[in-house]
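Enquirer: Each chain is listed here by its residues.
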Amino acid sequence: MEVLPYGSSAVLVQCQATETLGLYNAARAQLPQAIDISLGEQAVLITFDRGQRPPDDIRERLEATALIAHTHHSQRRLNIPVTYDGEDLEEVATLTRLTISELIEAHSSSDLTVAFTGFAPGFAYLTGLDSRLHLPRRSQPRPKVPAGSVAIAATYSAVYPRESPGGWWLIGRTDKTLFDLDSTPPTLLAPGAKIRFEPVTDR
Amino acid sequence: MTAILIVDPGVQSLIQDGGRPGLAHLGIAHSGAYDLPALALANALVGNRPTAPGIETLLGGLRICAEDGPVVVGISTDVIPIQLAAGETLRIPRSPRPLRSYVAIGGGLQIDEQLGSCSTDIMSGIGPKPLQAGDRMLIRNTAPVSSTVLACNTAADSVARADTNKPTDNETLRVYRGPEIDLIALDLSTPLAFTVSAHSDRRGLRLTGGPTKTNSPAHHPSQPTRFGAVQLLPNGDLLVLGPDGPTTGGYPIVAVVVDEDLPHLGQLVPGSAVSLRIENPLL
Numbered sequence: 003m004e005v006l007p008y009g010s011s012a013v014l015v016q017c018q019a020t021e022t023l024g025l026y027n028a029a030r031a032q033l034p035q036a037i038d039i040s041l042g043e044q045a046v047l048i049t050f051d052r053g054q055r056p057p058d059d060i061r062e063r064l065e066a067t068a069l070i071a072h073t074h075h076s077q078r079r080l081n082i083p084v085t086y087d088g089e090d091l092e093e094v095a096t097l098t099r100l101t102i103s104e105l106i107e108a109h110s111s112s113d114l115t116v117a118f119t120g121f122a123p124g125f126a127y128l129t130g131l132d133s134r135l136h137l138p139r140r141s142q143p144r145p146k147v148p149a150g151s152v153a154i155a156a157t158y159s160a161v162y163p164r165e166s167p168g169g170w171w172l173i174g175r176t177d178k179t180l181f182d183l184d185s186t187p188p189t190l191l192a193p194g195a196k197i198r199f200e201p202v203t204d205r
Numbered sequence: 037m038t039a040i041l042i043v044d045p046g047v048q049s050l051i052q053d054g055g056r057p058g059l060a061h062l063g064i065a066h067s068g069a070y071d072l073p074a075l076a077l078a079n080a081l082v083g084n085r086p087t088a089p090g091i092e093t094l095l096g097g098l099r100i101c102a103e104d105g106p107v108v109v110g111i112s113t114d115v116i117p118i119q120l121a122a123g124e125t126l127r128i129p130r131s132p133r134p135l136r137s138y139v140a141i142g143g144g145l146q147i148d149e150q151l152g153s154c155s156t157d158i159m160s161g162i163g164p165k166p167l168q169a170g171d172r173m174l175i176r177n178t179a180p181v182s183s184t185v186l187a188c189n190t191a192a193d194s195v196a197r198a199d200t201n202k203p204t205d206n207e208t209l210r211v212y213r214g215p216e217i218d219l220i221a222l223d224l225s226t227p228l229a230f231t232v233s234a235h236s237d238r239r240g241l242r243l244t245g246g247p248t249k250t251n252s253p254a255h256h257p258s259q260p261t262r263f264g265a266v267q268l269l270p271n272g273d274l275l276v277l278g279p280d281g282p283t284t285g286g287y288p289i290v291a292v293v294v295d296e297d298l299p300h301l302g303q304l305v306p307g308s309a310v311s312l313r314i315e316n317p318l319l
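Sequence order for the protein chains is A and B.
If you use the working numbering, the first sequence corresponds to residues 3 to 205, in order.
If you use the working numbering, the second sequence corresponds to residues 37 to 319, in order.
Only chain A is shown next, with the shape it has when bound in the complex:
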C-alpha cells in the first residue's frame, strides 16, 4: 500500500483491488475523525475536515488492523431476485459462447461482493463475477437505462439504482429498491455486502 497526499486534508491509499475492503474497514475503525472514507477499484480515499491536516501515522494505523478488518468485516448477505430478460441477454450469450441457461446459471451461482460504489448514488460495483461473463463495455452507451436493470461489464456486475445513461450489458431486471432517499442508509448495497442473484422463475 502507498499513502499519498490528496490535497490538504485527505490521503489516497493506493493498494491492490483485493485489499480495498480490508483497508476501508481498518480506516473506519482507526480514523473516526475522518469525515468521508470512500473506495475505488484500487484505492481508499480518506478525507478529513477542511483545513485539518491528516495524521502522520495513517500508514501504521492501517497496517496494524487491515488484515484483521478484512477477515472480520461485516458480512451482510442479500439475495436479489432477477428476471433474466434483459435487452442484451442474447447478444451476451453469443459473445460469451454460452447458452442463455448457462449464462443465467453463471451469473446467479457466484457470491458477489460490493467492492465500491460510484457513477451514481447507490451504483455498486460487484466483484466475484464468473470469468466467463467478463466483457468490455458496450461500444455505444444507452442514453437511458431503466432503474432495476441488472447488468455486467468488465469484471463487474451491477444493478442500476435509478434511471440513468449507461454502457453496461443489460441481462435482467429486479423489483428490489436499491436507492431510497427516505431510508437510512439510502442505498441497499454498501461496500463489503455479499450479494447473490436469484433467478425468478416464470409463473
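If a hint is listed, it holds; no wrong ones were tucked in.
Straight line, CA to CA, 27 Å or less: simulated DSS-like cross-link-like pairs of lysine-lysine: (1) K165/B <-> K178/A; (2) K146/A <-> K165/B; (3) K196/A <-> K178/A.
These are computed hints drawn from the structure, not numbers from a lab.
Position chain B against the provided structure of chain A, taking the given hints into account.
Expert: The following block gives chain B in isolation, referenced to the frame of chain A:
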C-alpha cells in the same frame, strides 16, 4: 409564519448549505455551497449559523419578494443586511462577478432535508429542485435577529454591490501533486496557464488551452475522488471536480486544489484565465 417568494430565479438559483459529508462511500457527493465562506458571510449578516441554508445564485438576476414584513436579507456581496417590508422585492443585479453570490434570510429558510442536508445536488437530483418563479419558502424564525444585526439598509438604498470583492482576471489556484502527476511531463516550477471553459458547473470546471497533453494509459482504474481533484482528460484538458462531482472517476488525477482555494473554484468565470501552481506539501 412569513415567507419569501421567488419572483425570478435568474440563470440558476439553488438552495445550498454545508452539504452532506460522510456518504461518498455510497456514491453520494458532498455537495453544499461552492463558495462556503461567501455563504457564511451572507448568513453572518443576518445572524444565522455559517452553514444555514441560503440561495446560491449564478450571475445575479435573482428577485425575491417578502410576503410579510419585515424580512432581513443578507447578501454575500454586501456589508450590511437589507430589510424588506411586506410586499417589497429585492433584486440581485446581473453581473458576471462574482459568478456566484449567496442570499441568506434572517431566521433561516425552512426547507426539508434530504440525507441530512438541504443542498441541491445537480448531478444526482438529491435535495430541492432548482428554484423557479413562484416558489415560496417559509422562514423559520422571524423574531429576534436584530440583536446581532446592527444596521439595515432598506431595499431602496441597497446597492447590492456588483462586486469588486474578487476582481480576478487571472486567478492562481494552488494545488498539491496528485497521484498521477507524472503524466504531466512539464516543468512544474512555473504555473500552468489555462482558460476556464463555458462547460463548467457544480459538477466540475473544465480548463482548456493549457500545456498539458495526455500520455495516459488506455485503461485507468475507477478511483475515489473528491471536490477539488484535478482530472487529466484524454484531450489534455483538465476537469477540476466541483462539489456535485462524481465520487469515483476513471481519469488520472494529476493534482488536487488546496482547501483554501476551493471556494475560488465556484467563482471562476468562463473565459477567464486561471493558473495552477503546484506546491509540494511535504517540503
